[in-house]
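Oh and the sequence shown: position 92 is 92 in our numbering, straight run, nothing missing.
Rather than coming from a laboratory, the hints here were simulated on the basis of the structure. Among the clues, some could well be false.
The calculated EDC-like cross-link candidates involving lysine to aspartate or glutamate, where the alpha carbons are at most 20 Å apart (straight line), are [to be verified]:
| # | residue 1 | residue 2 |
| --- | --- | --- |
| 1 | Lys140 | Glu112 |
| 2 | Lys140 | Glu157 |
| 3 | Lys254 | Asp223 |
| 4 | Lys254 | Glu230 |
| 5 | Lys224 | Glu253 |
| 6 | Lys140 | Asp114 |
| 7 | Lys254 | Glu264 |
| 8 | Lys254 | Glu227 |
| 9 | Lys254 | Glu220 |
| 10 | Lys254 | Asp221 |
Pair by pair, the computed Cβ-Cβ distance ranges are [to be verified]:
| # | residue 1 | residue 2 | range |
| --- | --- | --- | --- |
| 11 | Pro72 | Ala143 | 27 to 37 Å |
| 12 | Glu227 | Pro58 | 40 to 50 Å |
| 13 | Lys140 | Glu253 | 34 to 44 Å |
| 14 | Gln78 | Glu264 | 37 to 47 Å |
| 15 | His37 | Glu253 | 26 to 36 Å |
| 16 | Trp215 | Gly258 | 23 to 33 Å |
| 17 | Ser172 | Gln142 | 17 to 27 Å |
| 18 | Pro40 | Ala105 | 17 to 27 Å |
| 19 | Pro72 | Arg131 | 19 to 29 Å |
| 20 | His228 | Arg66 | 41 to 51 Å |
| 21 | Arg232 | Ile67 | 45 to 55 Å |
For each residue, glycine too, the CB sits at the ideal point set by N, CA and C.
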Amino acid sequence: MPTLPFDHDPLPKSKHAPAGPKPPKSWTLPKPTRDTHNTPAWRLRALSLVIPTFTSAPTLTNLCLRILASVPAHEFAQDIVPWLAPHLRRDLVRYTAVHAPLDGAKLWSLYEPDGHADAELIVVSPQAVLRDDYFIHRAKEQANDEWDKDEEDSGTEPLGTLVLMSGRLATSTLLSLPLTITRLALLGLSSPIPLHRLPNTCPLLSVLDLSYNCWLSVIEDSDKAFEHVEWRRWSNLSILGLRGCAVSSRIVEKVNRGRWDDVEVVR
1 MPTLPFDHDP LPKSKHAPAG PKPPKSWTLP KPTRDTHNTP AWRLRALSLV IPTFTSAPTL
61 TNLCLRILAS VPAHEFAQDI VPWLAPHLRR DLVRYTAVHA PLDGAKLWSL YEPDGHADAE
121 LIVVSPQAVL RDDYFIHRAK EQANDEWDKD EEDSGTEPLG TLVLMSGRLA TSTLLSLPLT
181 ITRLALLGLS SPIPLHRLPN TCPLLSVLDL SYNCWLSVIE DSDKAFEHVE WRRWSNLSIL
241 GLRGCAVSSR IVEKVNRGRW DDVEVVR
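Whenever a hint applies, use it, and build me the whole structure from the sequences.
Here it is, written out as structure tokens:
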């Protein structure tokens, strides 16, 4: 008597879909979604307004710095960071902010002792987090240092550029931002902030980028967020980034009201 092979299927395979209704959506597994805000391409695009000269092309210097940054955090802070000039620290932070954001231990070691790298402070979450009392703490340290320094030794260039990406900004932190900031990017923040407080806190802004904030993605919400902003106080403002935001023409009119030169609104 002939025998059937072990893998023989007695039921013929049908080339057509089975009869009956399709299974409900609750029975099917959802397709995994990719976080588009967690890619080098998105981070490069996000930084392009506040740091327009930045390029993602890996220079020999950046490649060497990235290799140095791959060592353990303790060795990096103790044996490498003290020998890096401010502009090299800045370049390393810029490059890694796009391609492989540094963890908090390595990032903050690059910002010591001045609190920034060549007048720039970039924090990419969730890899690193800006403490709520960071600027208050820095201001107290600077005040104490002034007693120990001569007039010639007055310190380095103050913070001019601040970038917060995909994190949060507490109101207490916003109110303690240094007056010296001229380029500010608050990108993809997790929760709304009181925008009407910014003109008093950072009156010297020339670039303000509020792109990719989900709490500005609906016109009604964005109109409410911008309602009490005193745009005229930003006399130096030249670029306003609102990419990925829903903004009415009324807000754009308020931004440029009474100006000789219109602010470039990038959407």
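Here is what the structure says about each hint:
{"no.": "1", "hint": "Lys140 to Glu112", "in the structure": "15 Å, holds"}
{"no.": "2", "hint": "Lys140 to Glu157", "in the structure": "17 Å, holds"}
{"no.": "3", "hint": "Lys254 to Asp223", "in the structure": "11 Å, holds"}
{"no.": "4", "hint": "Lys254 to Glu230", "in the structure": "9 Å, holds"}
{"no.": "5", "hint": "Lys224 to Glu253", "in the structure": "15 Å, holds"}
{"no.": "6", "hint": "Lys140 to Asp114", "in the structure": "13 Å, holds"}
{"no.": "7", "hint": "Lys254 to Glu264", "in the structure": "13 Å, holds"}
{"no.": "8", "hint": "Lys254 to Glu227", "in the structure": "10 Å, holds"}
{"no.": "9", "hint": "Lys254 to Glu220", "in the structure": "16 Å, holds"}
{"no.": "10", "hint": "Lys254 to Asp221", "in the structure": "16 Å, holds"}
{"no.": "11", "hint": "Pro72 to Ala143: 27 to 37 Å", "in the structure": "34 Å, holds"}
{"no.": "12", "hint": "Glu227 to Pro58: 40 to 50 Å", "in the structure": "44 Å, holds"}
{"no.": "13", "hint": "Lys140 to Glu253: 34 to 44 Å", "in the structure": "42 Å, holds"}
{"no.": "14", "hint": "Gln78 to Glu264: 37 to 47 Å", "in the structure": "44 Å, holds"}
{"no.": "15", "hint": "His37 to Glu253: 26 to 36 Å", "in the structure": "30 Å, holds"}
{"no.": "16", "hint": "Trp215 to Gly258: 23 to 33 Å", "in the structure": "28 Å, holds"}
{"no.": "17", "hint": "Ser172 to Gln142: 17 to 27 Å", "in the structure": "18 Å, holds"}
{"no.": "18", "hint": "Pro40 to Ala105: 17 to 27 Å", "in the structure": "22 Å, holds"}
{"no.": "19", "hint": "Pro72 to Arg131: 19 to 29 Å", "in the structure": "23 Å, holds"}
{"no.": "20", "hint": "His228 to Arg66: 41 to 51 Å", "in the structure": "44 Å, holds"}
{"no.": "21", "hint": "Arg232 to Ile67: 45 to 55 Å", "in the structure": "49 Å, holds"}
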